[in-house]
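Could you slot chain B onto chain A? The hints should help.
One-letter residues, chain by chain:
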Amino acid sequence: MYVVVAGGGQVGFHLAKALTEAGHEVMVIESDRRRAQWIEEQLGSVVLNAPADEGRFQLEAGCRRADAVLAVTGDDAKNLVIAQIASYNCGPHGRVIARVNDPKNEIVFKTLGIDETVSSTRVLMNVIEQELPTGGFMPLMPLTGSQLELIEAEIAAGSPSAGKRVRDLKLPAGALIGGIVRGGKVVPAADATLEAGDRVIVFAPTASEAEVRGTLYG
Amino acid sequence: MNVLIVGCGRVGATLAGLLDGEGHSVTVVDVERASFAHLPAGFKGTTFLGNGTDLDVLRQVGVDRVDAVLTMTEGDNRNLMAAQIAKEIFGVKKVLAKVNDPIRAEIYRAKGLTTFSRTTILAVLVRAMLMGEKEVGEVLLQRTLALERELAQAEAREAPAPAD
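Quick note, the sequences are listed as chains A and B, same order. Residue 1 is where the first sequence starts when you use the working numbering, and the numbers rise one by one after that. Residue 1 is where the second sequence starts when you use the working numbering, and the numbers rise one by one after that.
Hints were generated in silico from the structure; no laboratory data involved. These numbers were taken from a predicted model, which means no experiment stands behind them. No false leads were mixed into what you were given.
Using 25 Å as the maximum straight-line C-alpha spacing, the simulated SDA-like pairs for lysine to any residue come out as follows:
| id | chain 1 | residue 1 | chain 2 | residue 2 |
| --- | --- | --- | --- | --- |
| 1 | A | K170 | A | A157 |
| 2 | A | K170 | B | Q60 |
| 3 | B | K93 | A | S146 |
| 4 | B | K94 | A | S146 |
| 5 | B | K111 | A | E116 |
| 6 | B | K94 | B | R143 |
| 7 | B | K111 | A | E60 |
| 8 | B | K44 | B | T144 |
| 9 | B | K111 | A | M141 |
| 10 | B | K94 | B | N2 |
| 11 | B | K87 | B | Q60 |
| 12 | A | K17 | A | A68 |
Excised from the complex, chain B in its bound form:
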């Protein structure tokens, strides 16, 4: 799959690494060059320095040729704007926007945009963990833990050996 990710913070970068590792073709856009440091070592995708809510930037990274656009910046409004541009102006079929404010996530979902809120996902999951309700997030939890182990192991391999 050909995927464009807007925003290379922790979420965007982890997602980019995950998809890249599975063999998908990934392009990541961010306004800050330093953000690309979040990407895992060995990332084979493309990075592009620019504003993902800018029509010209989106055109330059080939938004009209991707299968999916995932907007993952720290700003709900930027995510909503970039996602709507991808969907309504460039006709991208699969568009997902991270919207931390649950109310805003719901309003735009009602308008036909696929949104999800880290806030409610985490709240529901943490509560289920606390109450031992395994059916709520067991698969999610297992996959999350596996990914975290993988990331930590990769980082340990990268780090120089301790001098003792």
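Chain A on its own, in the form it takes in the complex:
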């Protein structure tokens, strides 16, 4: 595979190193001259010393023939623009994946057309949450043309909503539990009582995500 890595910080450098060692071809775009030089000393001539958020340098790095462009700087605004310009400039051939530093921005990136995001905070949270009674609370996707989003929330044994009837939950205005996934089957929400292990699918205004979380987890 040919992979363009936009941003040569800690994540970008180790990603490029791992990809190279796995036999893939990479090009790192890094705007800081000294950092670019240092990466070149480590990995060879696989660095373009230029700003990755300018389209012409993405093209120069060969993003048209790349199988993937990875926007992995430590700055979410920059990653968003790198990913959007890559999607715009580099055609439908390759995948565009953006690193999200603030997990809140996952939903922002998805709404703005960047579907593939990776959040290290989210990955670590998911590991930790398995140990905590908060369960997993995951905004899945925004619903196009509305200010609504779809949320999946796993009810853990200690959650205050466990054992409550869905109709007794005080969800924020405009939010609705669409269904419950229990034991691999969909259970209609209307008359159900929540149990530990249920995965609840919620439709909610993007603005009231925190309130939904509060209702389900206290």
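Using the frame of chain A, we list chain B on its own:
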């Protein structure tokens, strides 16, 4: 008009002062408290310390209730991100983003975002001034000069009288 300005550098602050002076309701957001010093004396609008690309900050300043969002930070990417959030997530009708890189300004304009580039505006205007092409920027130039006179006079009024 109810206006939110993201970024209180020289451009954002001057714009905020201009709109405030015309009686519009203005809120300015910036990550640096010191930036608010750019605002003209007597500014009656609201200042809010926070990151204008942050969903929660935008919600807190009431982005869903404003008529226009103008993103004026020093960073093109931050301006583009804040503008897109305002337009696509909060449904703000009038959104303007300052994008100094002309190529990026054009790419996002093609995607339906209203952008302008100080770089090209200045380059075209300065060239026209040099060549004496009055029709290009005469109105802009006259208004700019009037605003600058006004700002300088206001500052002179604020400053303590020279001791002589």
